[in-house]
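Knowing the structure of chain B, use the given hints to seat chain V with the ligands on it.
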Amino acid sequence: MNMLEYEIVLKIKIIYGVQGMSSWSMYWTFTKKAFLRSSVYRFEVWSRTGSNIIFLLMWGSIWTALYAGRDEAGGVTFTAMLTYIVVSQFLDGVNEAGTPLWEIQEKVRTGDISLELMRPFDVPLRYLFADFGSVAFYMITALLPLYLVIFYFLDLALPTNWLTWVYFIISACIGFLIRYCVEMTFGLLTFFLVETGGIEDIFYFAMSLLSGSVIPLWFFPSWLETIAVYLPFQAIFFMPISIFIGETTGGEVFTSLGLQLFWLFVCYLVLRMVWNRASHKVVVQGG
Amino acid sequence: MSIIEVNNLQKEFMIAKRETGLVGALKSLVKREFVKKEAVKDISFSIEKGEMVGYIGPNGAGKSTTIKMLTGILVPSAGQVTVNGIVPYENRQENAKSIGVVFGQRTQLWWDLPTIESFELLKAIYRVTDQRYKENMSIFQEILGLDEFINTPVRQLSLGQRMRADIAASLLHDPPILFLDEPTIGLDVVAKEKMRTFIQEINKEKEVTVILTTHDMEDIEKLCQRMVLIDHGQKVYDGDILAVKERFGKMRTLVVDLEDANSSFHIKGGELCKQEGNRYWLRFNRNEVSASDLITQISQTHNIKDLTVEEPDIESIISRIYQEGFIEKQTVKG
Ligand SMILES: Nc1ncnc2c1ncn2[C@@H]1O[C@H](COP(=O)(O)OP(=O)(O)OP(=O)(O)O)[C@@H](O)[C@H]1O
Ligand SMILES: [Mg+2]
Chain B
1 MNMLEYEIVL
11 KIKIIYGVQG
21 MSSWSMYWTF
31 TKKAFLRSSV
41 YRFEVWSRTG
51 SNIIFLLMWG
61 SIWTALYAGR
71 DEAGGVTFTA
81 MLTYIVVSQF
91 LDGVNEAGTP
101 LWEIQEKVRT
111 GDISLELMRP
121 FDVPLRYLFA
131 DFGSVAFYMI
141 TALLPLYLVI
151 FYFLDLALPT
161 NWLTWVYFII
171 SACIGFLIRY
181 CVEMTFGLLT
191 FFLVETGGIE
201 DIFYFAMSLL
211 SGSVIPLWFF
221 PSWLETIAVY
231 LPFQAIFFMP
241 ISIFIGETTG
251 GEVFTSLGLQ
261 LFWLFVCYLV
271 LRMVWNRASH
281 KVVVQGG
Chain V
1 MSIIEVNNLQ
11 KEFMIAKRET
21 GLVGALKSLV
31 KREFVKKEAV
41 KDISFSIEKG
51 EMVGYIGPNG
61 AGKSTTIKML
71 TGILVPSAGQ
81 VTVNGIVPYE
91 NRQENAKSIG
101 VVFGQRTQLW
111 WDLPTIESFE
121 LLKAIYRVTD
131 QRYKENMSIF
141 QEILGLDEFI
151 NTPVRQLSLG
161 QRMRADIAAS
171 LLHDPPILFL
181 DEPTIGLDVV
191 AKEKMRTFIQ
201 EINKEKEVTV
211 ILTTHDMEDI
221 EKLCQRMVLI
231 DHGQKVYDGD
241 ILAVKERFGK
251 MRTLVVDLED
261 ANSSFHIKGG
271 ELCKQEGNRY
281 WLRFNRNEVS
291 ASDLITQISQ
301 THNIKDLTVE
311 EPDIESIISR
321 IYQEGFIEKQ
331 TVKG
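Residue numbers (our numbering), protein chains in the order written: chain B, 1 to 287; chain V, 1 to 334.
These aren't lab readings, by the way, just hints derived from the structure by calculation. Source: prediction; values computed, not measured. It is possible that some hints are incorrect.
Said to hold, decoys possible - Taking lysine to aspartate or glutamate and the DMTMM-like style, the derived pairs with C-alpha atoms no more than 25 Å apart in a straight line are:
id, chain 1, residue 1, chain 2, residue 2
1, B, Lys-32, V, Glu-135
2, B, Lys-281, V, Glu-38
3, V, Lys-31, B, Glu-195
4, B, Lys-32, V, Asp-112
5, B, Lys-281, V, Glu-33
6, V, Lys-123, B, Glu-116
7, V, Lys-37, B, Glu-195
8, V, Lys-97, B, Glu-116
9, V, Lys-97, B, Glu-5
10, B, Lys-281, V, Glu-90
11, V, Lys-37, V, Glu-12
12, V, Lys-37, B, Asp-112
13, B, Lys-281, V, Asp-42
For reference, chain B alone in the conformation it holds in the complex (with noise of 0.2 Å):
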């Protein structure tokens, strides 16, 4: 390789965050030493799993007010949408232990985040790593046995087949990543805006409308159900959790998938883009 190919090489490289092998093992350092920090925190996950299971019982109840009684509306039943909502506020509870937007914020704020523009890493994918082992920390210590208890005790409609179970977990794997692309991607907008309050409220709107948290698609009036269809936000809950409930099948559990990857690949390059502008406005501008 010449001078001008391995600089071209390397200009790609941190353009789209490409790392070699070697690097991982630096990454997974982060995730580790997140997952020890997050063990100093035991009150907030004390906190977080209180009030996972306080908006729980809100939207439990709420859906089997909207029910009353009947089995059966819009053609699901009311134990696959009940399934749906504590499905959902399983990967509320797994995308919220991930670094918070006000806490992205902060750190662009602080000027925190461009110190470590001076450090041999890359910045979105180390925070991405740390993110990996708060969520470890928290699945293991709270969700897993909090809802290995609730699937036990109430009458869910579980997947019978297995491989349902694994195209559940990619899919939502898949959503998790989507959600970090596009939640770090609002963060650092807050480098180009000197206030953020509308940032966030679109923020918010997409993450708990659109993406179908507390309610699915198929409930959304044609135009709503539109518009979301077209944006990424429903692959972070509505398509793993049609999933899970088997709403979605067959065939079409590869279409969604599809879809998903699709979505993450642009919220990838979006991500990266927003990224790219942001350290060049620090670079230049000093922030």
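Coordinates of chain V with the ligands only, in the frame set by chain B:
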């Protein structure tokens, strides 16, 4: 080639003008006006391996901006920089491996991790071998006394402890170059002394090249032989500290306590600059007249009770340069 080369370096910031009032706010939505701020105007210097250079100047002179360009987190507007053969902003991550940086104003450790965890993270980030890690940590423990607080989360450290941890962290991967931007800010006398000893030690033992910015001239006096003095983004002096002292230190002050007060006297070669009771301050140029000469003159007409000769320290020299500018700079090399 020198380990650090800076040629005609410039950095200007475009600052968006904030309009006041509603009309102004609306106007700035449509069209923003910018003001240009030249933080670094035209700076050149080169530093050899193993040198320890004091980079000083008044507030807002452009010191931190220069350091940031050397680390790669700022792109110069014009001019060239190379650090250890690398252009920092073109290859930030590669550059990062050969430099250590301390910004005294803010920590680079992970805020909510115990201090030791930050070190372990850095070990992984810079791929420090177990062997080197152990060796370096034991040196840091010894000179900086890290073990006192190694298990405390960084956010609970005192300023002095945090600074010690920060400088140790910056050296964990044995960088050949160290940038210190106000490493002694806010430290007490003892902590400052420890910090200086440490910097001196690593410079001597490991031949680390050091650029140090500070507002404490004692740091410079104790650590550096060379200083680069900048003001308003321009270099005003580059050279030996002793030469500055020579140049500006030729003025001495003779302080005499006389037995009889209020007598106004004229002494050839001495300028009366202050009087308090029967204590007199006489400024003189040591190249033109000697202290003993002055004393002889005074003692002919007055009885001297006590006397001292004051030599200006670097602190007062620098503060005079800040205030009056570096006049006759052509006559001093640099
Ligand atoms: N990101 C930025 N945007 C706009 N102006 C900036 C920026 N960073 C620095 N400046 C301006 O550039 C000038 C030089 O700043 P710099 O921080 O380099 O000074 P300094 O020599 O480190 O001063 P101090 O001793 O106070 O730390 C100052 O006038 C400062 O206001
Ligand atoms: Mg500064």
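Quiz item: Has the given pair, Lys-281/B with Glu-90/V, been kept, meaning a C-alpha gap of at most 25 Å?
Solution: holds, 15 Å
Quiz item: Taking 25 Å as the top limit, are the C-alpha atoms of Lys-32/B and Glu-135/V close enough?
Solution: holds, 24 Å
Quiz item: Holds or violated: are the alpha carbons of Lys-281/B and Asp-42/V at most 25 Å from each other?
Solution: holds, 22 Å
Quiz item: Between Lys-97/V and Glu-116/B, does the CA-CA distance stay at or below 25 Å?
Solution: holds, 13 Å
Quiz item: Is the hinted pair Lys-37/V and Asp-112/B satisfied, with a Cα-Cα distance of at most 25 Å?
Solution: Holds, because 24 Å separates the two Cα atoms, which is no more than 25 Å.
Exercise. Quickly compare the C-alpha distance for Lys-31/V and Glu-195/B to 25 Å and report which way the hint goes.
Key: Status holds; Cα separation ~18 Å.
Quiz item: Regarding the pair Lys-37/V and Glu-195/B, is the alpha-carbon distance no greater than 25 Å?
Solution: Answer holds: Lys-37/V to Glu-195/B is near 24 Å, not above 25 Å.
Quiz item: When you check the alpha-carbon spacing of Lys-32/B and Asp-112/V, does it fall within 25 Å?
Solution: Holds. Lys-32/B to Asp-112/V sits at ~14 Å (cutoff 25 Å).
Practice problem: Given the hint that Lys-281/B pairs with Glu-33/V, test it: the Cα-Cα distance must not exceed 25 Å. | Solution: Measuring from Cα to Cα gives roughly 17 Å; hence the hint holds.
Quiz item: Regarding the pair Lys-123/V and Glu-116/B, is the alpha-carbon distance no greater than 25 Å?
Solution: Between Lys-123/V and Glu-116/B the Cα gap is close to 15 Å, so the pair holds against 25 Å.
Quiz item: Given the hinted pair Lys-37/V and Glu-12/V, is their alpha-carbon gap at most 25 Å?
Solution: holds, 5 Å
Quiz prompt | Holds or violated: Lys-97/V to Glu-5/B, with C-alpha atoms at most 25 Å apart | solution = Holds. Lys-97/V to Glu-5/B sits at ~22 Å (cutoff 25 Å).
Every hint from the earlier list agrees with this structure, and none is contradicted.
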